[in-house]
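K.L.:
Single-letter residue listing:
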Amino acid sequence: MSRSEPQAAAAPLLEVRNLRKYFAVPDGWLKPPRQLKAVDGIDLDIGAGQTLGLVGESGCGKSTLGRAILQLQPPDAGSVRLAGESVVGLPRAQRLAMRRDMQIIFQDPYASLSPRRTVAQIVREPLDVHAIGTPAERRARVDELLSVVGLRPGVLDRYPHEFSGGQRQRIGIARALALEPRFIVADEPVSALDVSVQSQVLNLLNQLQAERDIAFLFISHDLAVVQHVSQSIAVMYLGKIVEQAPAFELYAQPRHPYTQALLSAIPNPDPAARRERIALAGEVPTALDPPSGCAFRTRCPLAAARCSAEMPVLREVAPGHRVACHFADG
Amino acid sequence: MSATSEPLLQVRDLSVEFATDTGPVRAVDSISFTVARGETVALVGESGCGKTVTGLALLGLIPQPPGRVASGEILFAGQDLLRLPEPALRKRRGSEISMIFQEPMTALNPVFRIGSQMLDVLMRHQQLTRQQARAAAIEMLAKVGLPAPERRIDEYPHQLSGGMRQRVMIAMALSCGPQLLIADEPTTALDVTTQAQVMEQMVRLQDEFGMALILITHDLGVVAASCQRALVMYAGKIAETAPVATLFSQPRHPYTRGLLASIPRVRERRLERLPVIAGMVPDLRQLPEGCRFADRCPKARDYCRLAQPPLEPIGNAGTEVACYVPE
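Those protein sequences? They're chains L and H, same order as listed.
Residue numbering for the first sequence is 1 to 330, as defined by the working numbering.
Residue numbering for the second sequence is 1 to 327, as defined by the working numbering.
Hints were generated in silico from the structure; no laboratory data involved.
Some clues are possibly wrong.
To be verified - Some, not all, of what chain H presents toward chain L, calculated at C-beta under 10 Å:
1. Asp191
2. Leu259
3. Leu260
4. Val281
5. Leu284
What the hints assert, rightly or not - Estimated spans, in silico, between C-beta atoms of each pair:
6. L:Pro26 <-> H:Pro66: 38 to 46 Å
7. H:Pro24 <-> L:Arg34: 49 to 57 Å
8. H:Ser249 <-> L:Asp157: 41 to 49 Å
9. L:Ala272 <-> H:Pro275: 54 to 62 Å
10. H:Asp120 <-> L:Thr118: 43 to 51 Å
11. H:Thr188 <-> L:Ala131: 40 to 48 Å
12. L:Gly84 <-> H:Ala142: 55 to 63 Å
13. L:Asp27 <-> H:Glu139: 45 to 53 Å
What the hints assert, rightly or not - Reference listing, derived: stretches of chain H covered by chain L, where coverage requires no fewer than 3 residues with Cβ under 8 Å from a Cβ of chain L:
14. 137-147
15. 162-168
16. 211-222
17. 240-252
On a predicted model such as this, the values are computed, not experimentally measured, just so you know.
Don't be surprised by glycine CBs; every beta carbon is placed ideally from N, CA and C.
Starting from the given sequences, assemble the full structure and let the hints guide the process.
P.N.:
Written out as structure tokens, the structure reads:
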């Protein structure tokens, strides 16, 4: 099946180049603010109907990257193109039109749905905003969307608090699908859910991707979760992508020492499994004051003199497999 | 680890209820279990299964009202904690039984330095002078792997990362050498690389101190790595208990099986569909008469819906299961 192959050579649906998002952080009274480089020069492509998994630990910039792509937090530099058209810095009317193609599913199904609106109102809102269809057509569309995400039509007049976390996430997904977007950022969509429900939602996202040819940026801190839904996976550390590879290749042949450590730290649900964890020294440094050269060198078991002097660039080591490490041989 | 004849902790018929607008809800329903000295027991289950409420009940920390312990006894070293007067309970809490919470930022007081919060505990329970307590606190912080403890002790919680805060919580919980530590999702808020470090440190210290550990978690991966025995809870009941190796290799309850199958794990090839448990956890306000898992159970029979299956031993590997049609 074409889904399981890496991205096609044709022009990608989403093209991100050298994207930067910096935040000014106050540094005390009368001092100039310091710069936090949350997203620091990101390049990535996502093909139509493909999912790019984006993993990294708290504070690595993965959520900011998702929001910068959607222009929810306008980037400071760089370009984002959807189907060849730039989406950066658009005037209001065009931005609204762009939103029909790019949607988001949030992590917290408790906080991302208005508690005072019914399910029908929540799912219909994008159709109202974009003035799509007659009221009757909108009602029919809401019914259809709810059945697509596996909710019974009887729930239309109920409020979010009457639902479990998994059901709320389905409501959020129905809302994101309402405008038939071509690209969806799913920001930790299953992290707040129990494991038995997580897989239900992951299966739903996979099914939607296959049936509707939607491209996803699937953001997660959990490498075990992204594997099942992604064709390609990118690993972020302190604002930069340090490795990207076709999904199953990343697990079989991780090249970057950070990816290797992340993989070895996944708790294995098998008490008999041998555990050879690659212990990382210390903790993630602050993005306000990242180390010189390679940002990972302060925790890296392979770090050498060169790593502090020279920042490794992301280079292709195999088809679709990029690594930013001086020692990623191959 | 060798257990003496009498278990450290015996919980019998424990029920906890909460008053709600629509009547009382039983979050924990008549559960019984024991923990031996030095043993590591996992309390596993999904949101709302009663695992955290069980942990709070052990320490007498159920907020009353709306909560109340509706039945049961909690024998700690032979003494029923539920019948101890508050001052006596407070004396044990923190010194003989300690607890670590999920979110270290809310468990530490933001306006006091790390040191002063640790010194409080040490001076209250161990009759140390301020200087002795400070030295003990620094030693303890070093033990849990906090870098530069002599400097960190004078910092405020917000100056530490999540992983460091949780290490401070562990240091505080262990500072009086408790016999039992209850850790409620201690690593859930942490990143995966930090999570592994903190878990390993905790298990190492548990071994060193010879204390028993009740690990409350939803994460079966963490259970596999660090526990000896597990209690699987579902909708306020214990569904299954077994030595961890047996639980993973031979789960008997259909819920345990489903839970194990649905853990996200790294696989060698893509599955068409991930295994799921159909449906959702029942509403505790409208529990069925019979087995609480019956509506989601692939093996449920008519009689499963008539009465609740009791928790009974099965096989000879130390497993107990509450199911009429176990695997």
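K.L.:
Does each hint fit the structure? Answer for all of them.
P.N.:
Status of the hints after comparison with the structure:
Annotation: aspartate 191 of chain H was flagged as interfacial toward chain L, and the flag holds, the nearest CB pair being 4 Å apart, inside 10 Å. Interface hint at leucine 259 of chain H: satisfied, since its Cβ lies 6 Å from the closest Cβ of chain L, which is below the 10 Å cut-off. With a cut of 10 Å, the hint placing leucine 260 of chain H at the interface with chain L holds, because the nearest CB-to-CB distance is about 7 Å. Nearest Cβ of chain L to the Cβ of valine 281 of chain H: about 7 Å, under the 10 Å cut. The hint holds.
Of the supplied interface hints, the one on leucine 284 of chain H is violated, with its beta-carbon coming no nearer than about 12 Å to a beta-carbon of chain L, more than 10 Å. In this structure the hint that proline 26 of chain L and proline 66 of chain H lie 38 to 46 Å apart at CB holds, the actual value being about 42 Å. The hint said 49 to 57 Å for the Cβ distance between proline 24 of chain H and arginine 34 of chain L, and at roughly 54 Å that hint holds. The hint said 41 to 49 Å for the Cβ distance between serine 249 of chain H and aspartate 157 of chain L, and at roughly 48 Å that hint holds.
A hinted range of 54 to 62 Å is violated for the C-beta pair alanine 272 of chain L and proline 275 of chain H, which are about 20 Å apart. As the Cβ distance of aspartate 120 of chain H to threonine 118 of chain L is approximately 49 Å, the hint placing it in 43 to 51 Å holds. Restraint check, threonine 188 of chain H to alanine 131 of chain L: a C-beta distance of roughly 43 Å satisfies the suggested window 40 to 48 Å. Distance hint check for glycine 84 of chain L and alanine 142 of chain H: the Cβ-Cβ separation is about 58 Å, which falls inside the suggested range of 55 to 63 Å.
The hinted window of 45 to 53 Å between aspartate 27 of chain L and glutamate 139 of chain H is violated, with their beta carbons roughly 35 Å apart. For the stretch 137-147 of chain H, the stated coverage by chain L is violated: 1 residues have a C-beta nearer than 8 Å to a C-beta of that chain, whereas at least 3 were required. Taking a C-beta to C-beta cut-off of 8 Å, the stretch 162-168 of chain H contributes 3 residues in contact with chain L, enough for the three needed, and the coverage statement holds. Against chain L, the stretch 211-222 of chain H contributes 5 residues with a C-beta closer than 8 Å to a partner C-beta. That satisfies the three-residue criterion, and the hint holds.
Residues of the stretch 240-252 of chain H lying with their CB closer than 8 Å to a CB of chain L number 4, which satisfies the three-residue condition for coverage.
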